[in-house]
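If you read the sequences in order, they're chains A and B.
Going by UniProt numbering, the first sequence runs without a break in its numbering and finishes at 363.
Going by UniProt numbering, the second sequence runs without a break in its numbering and finishes at 582.
In short, the hints are calculated from the structure, not lab data.
Be careful, since some hints might not be right.
[Stated by the list, open to error] Distance condition first, Cα-Cα at most 25 Å in a straight line; then the derived DSS-like pairs of lysine-lysine:
{"no.": "1", "chain 1": "B", "residue 1": "K497", "chain 2": "A", "residue 2": "K117"}
{"no.": "2", "chain 1": "A", "residue 1": "K71", "chain 2": "B", "residue 2": "K413"}
{"no.": "3", "chain 1": "A", "residue 1": "K186", "chain 2": "A", "residue 2": "K127"}
{"no.": "4", "chain 1": "A", "residue 1": "K63", "chain 2": "A", "residue 2": "K3"}
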Amino acid sequence: MLKVDSLLKSFGDHTVIDHVSFEVEAGDFFTMLGPSGCGKTTILQCIAGLQTPTAGSIEMAGKVVYSSAQKLFVPASHRNLGMVFQSYAIWPHMTVFENVAFPLVHGARQRVQDVDKRVMHALEMVKLQDYAQRPAPFLSGGQQQRVALARALVHQPELLLLDEPLSNLDAKLRDVMRIEIRNLVKSMGITTIFVTHDQLEALSMSDTVMLLRGGHIVQKGSPQEVFLRPNTEFTADFMGRSNLIPGKLSASGSHVTTSFGEVACNVASGLTPGADVALVVRPNVVRTVAARNATRGQNTFVGRIESQTFLGDLIEADVILGGQVMRVALDPYAPLANGQEVEVQLPAECCIAVPAESASRRG
Amino acid sequence: MSISRTSSATTEAVWEPDTSSTARLVVRNGLLILLVVLIALPLLVLIYTSFLPPGAVPLSGSELTLDNYRSILTGSGTVALFVRTIIFAVGSSAIGIVLGISFAYLTERTDLPGRTAVRILMFSWMAVPALVFGYGWILLLNPGNGIINVMVKAIFNLEQAPFTPYSMQALTVIAGLGAVPTAYIMVSGLLRNMDPSLEDAAFVSGASRFVILRKITAPLLTPGTLSISIYLIMTMVQHFDLPMIIGLTAQTPVLSTSIYMAAAPDFGLPNYGLAAAFGVFLAILAGALMFMYFRVVHASERYRTVTGKSFRPKLLHLRGLQKVFAILLVGGYFALMLMPLLTLAWASLFPYYRLPSFAALADASFAAYFRVFSEPQTFRVIVNTVLLFLTSSTLAVVLSCLVSWFAVRLGGKSGRAMDLLSFAPTAIPPIVMAIALLMMFLRTPLNGTIWVIVIGHIAMYLSFGTRAMNGALIQIHRELEDAATVSGASWGTSLRKVLFPIIWPHILNTWLWIVAHSARDLTFPLFLLTSSNVVVATAIYQRWNYPDLPGTAALCMMLVLALSALVIPIQIYLEHKNLNKA
Ligand SMILES: Nc1ncnc2c1ncn2[C@@H]1O[C@H](COP(=O)(O)OP(=O)(O)O)[C@@H](O)[C@H]1O
Ligand SMILES: [Mg+2]
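The shape of chain A in the complex, shown without the other chains (with noise of 0.2 Å):
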């Protein structure tokens, strides 16, 4: 559905986006994520067509939007998109209604009959059709994107494009806003490309993540392969709190070695034993027990807590082991005291080996 290959933007001489491809399947949720500044937007933008990529080339649906090397540029008045942007730009001079109009009766596409009927069903779609007469100014946050969405969807583009949509809302309508985007744009089998720098909107709403840093890609997959699969510190880090522990590849290939000891792990593609490497752990998957004088078993390391922060849900707690801090999750209904000896059990089909951040850092 959409082509995206060797885009690059510099503004000046500095390179924004470096040379990124990848592409999106039909009716695909497509999630573009990564920190502030990596040049989301901008790859959106040049998708939409309100910025010029400086090389590169775009296509959608078959047909060449961008080609510097056939030097064609598609205006985004004639990509028939819609887009939903970060202030959700609800014109003010108009109503509800008017605004979800607007695409049909002044987009540069074929007049367009029955417009009444398909605003209010643009509108019953994103359960505002009482509203259609309100002034734009009247409407609160949710309702304002509400809006946006209805007039992105109101002509049937064959992309949608969303770019930090949730952002400017609170944190409980977030919630609702999340699941709802994702059934409507499913239900209309619509490919959406939606950008967000908040991991938990990414991995609850796509069906494919593209991790970028830098202008770079990072990793694309499923939620699943990006969170329990990352193959950079980067990812790991940037899609859940992880401890990143440096050792080095075992001979074997198949443990790293520790300042604590040898850690049986999955092992990121790509590796050679020996290769300097970071070991992924989530607080989460470690289990800690009082240390008990009986045998231990695999992957288990005793260590000293030394601190505790209560959160409710769980205590997070910094463990010392072997001259290294791990964060793990502890029970809050069965407490232990600062100090105390403990048990640290890694389930190996939970850790993952990753290159160290120096070799795996590009650019």
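Could you slot chain B with the ligands onto chain A? The hints should help.
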């Protein structure tokens, strides 16, 4: 649906990274050419003319010479002329800025009664031409029968009239009073944009209101005030109307009036070369001030206190004597501003000048108004004036909107070039532009028509228009236009249906400002005057010199009333729009 898209996609595909639509490309290039012709070309013509010998006109094949510069630089009065120009500009700006700051503080930061009315009056002052203001003051201060002189003489039993309008001091004070509204508008904008939490923070730490004013507000406003002062000095250096009607009689020419005297001397042939050389000096002086202005503005970027949000600062409660003093100050100022208008109104009612008295009131009549209206010339004058201000304001606003769009939204080399070209007239004195246009159009059919004045006004007021529209555009999130484009709207549609309706109050305000300034301006109409392009400003000037006092006064009153009828309601409307937003 998909078929219609793909077919249109192929026809619309273009290769022009900056301008993704053909219409936009055409408009951009057209604007660039227009700006060069309107602004850069006249400057070149001016410089060329300044090298022509006396009596020569451009393109007449005369040899070029440095004589004009030589005669100015070696002339005995040159130093005095520059000094006088500077004293006039600095003095009048000082009066304007001091009173402007006082009134702005009173209306924006205190609970002064009637502060909204004060704001509206200040914003409406543009309806009173400098010309009218000046003639009113001459009537008030005339040594023979000026009302103020007669009264003061009677009260203090004086032999001699204590005041005269025909002096440097009078000229400076009168121009200074007229500059107050401009200073007020700029300073109150500064105050409105200042984040009140900066003051609140000091208040919470226990500082008194007075300490806050001295230690927080004043220092924060200093860079802005400095740049406004320089801006005012720059406009006063270029000012022509008052130095023309007051200063020439007083034998105190400044640079702008020297240019006029060289180009339209009482005796002998016009010396365009000399006038242009004076113009070059005046433009250099104004340019130097503009450079200073930018330096200060640049330095004050650090002090930017704009929050972008609308807010309501806490108002200082005026008590007892404070309140009395504030009301006296504001009331006194408006009395000073209204006196010349009332004097002219009075003068328009009698066939010859009478001192105000109840006895005289019995003879009052509107005869002068009927007489002016019955003259065949008048119809022509009105048509010319309306044609002038409607076309120049409308065209200037349309141009400003487009130029600002390219400068703010598109940027790039062409955007910056447009921005610079459209801002340049701020440092091109009107009188200089007028002489340049005279030279440019001397041998064209446009020469002597109202259209040369229209072109001059468009070029002059483009700088105000683009500044105002830049400010408006910066406030409007560009995603509002992007949303229209993505919805399939063309560039033109996104401007017409989305951008312009949203910034409509700014457009109206800019249009109104240009209307008022175009209708009141004397510089261009007088400099380019022929028998067929007389407008109200030049008609007033001619009648005063004729002399026909009642006719002059009647015309002045009609001009002020007509402009007020347009300006005041729109200002009230805009003020309420602003209040609603905040
Ligand atoms: N017009 C511009 N000129 C220069 N740099 C820009 C411009 N727009 C964006 N950038 C830079 O490009 C990078 C990516 O920006 P953006 O795509 O907005 O990031 P994101 O949306 O991921 O937060 C940032 O470093 C930003 O500073
Ligand atoms: Mg962004």
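Results for each hint:
no.	hint	in the structure
1	B:K497 / A:K117	holds, 22 Å
2	A:K71 / B:K413	holds, 21 Å
3	A:K186 / A:K127	holds, 17 Å
4	A:K63 / A:K3	holds, 10 Å
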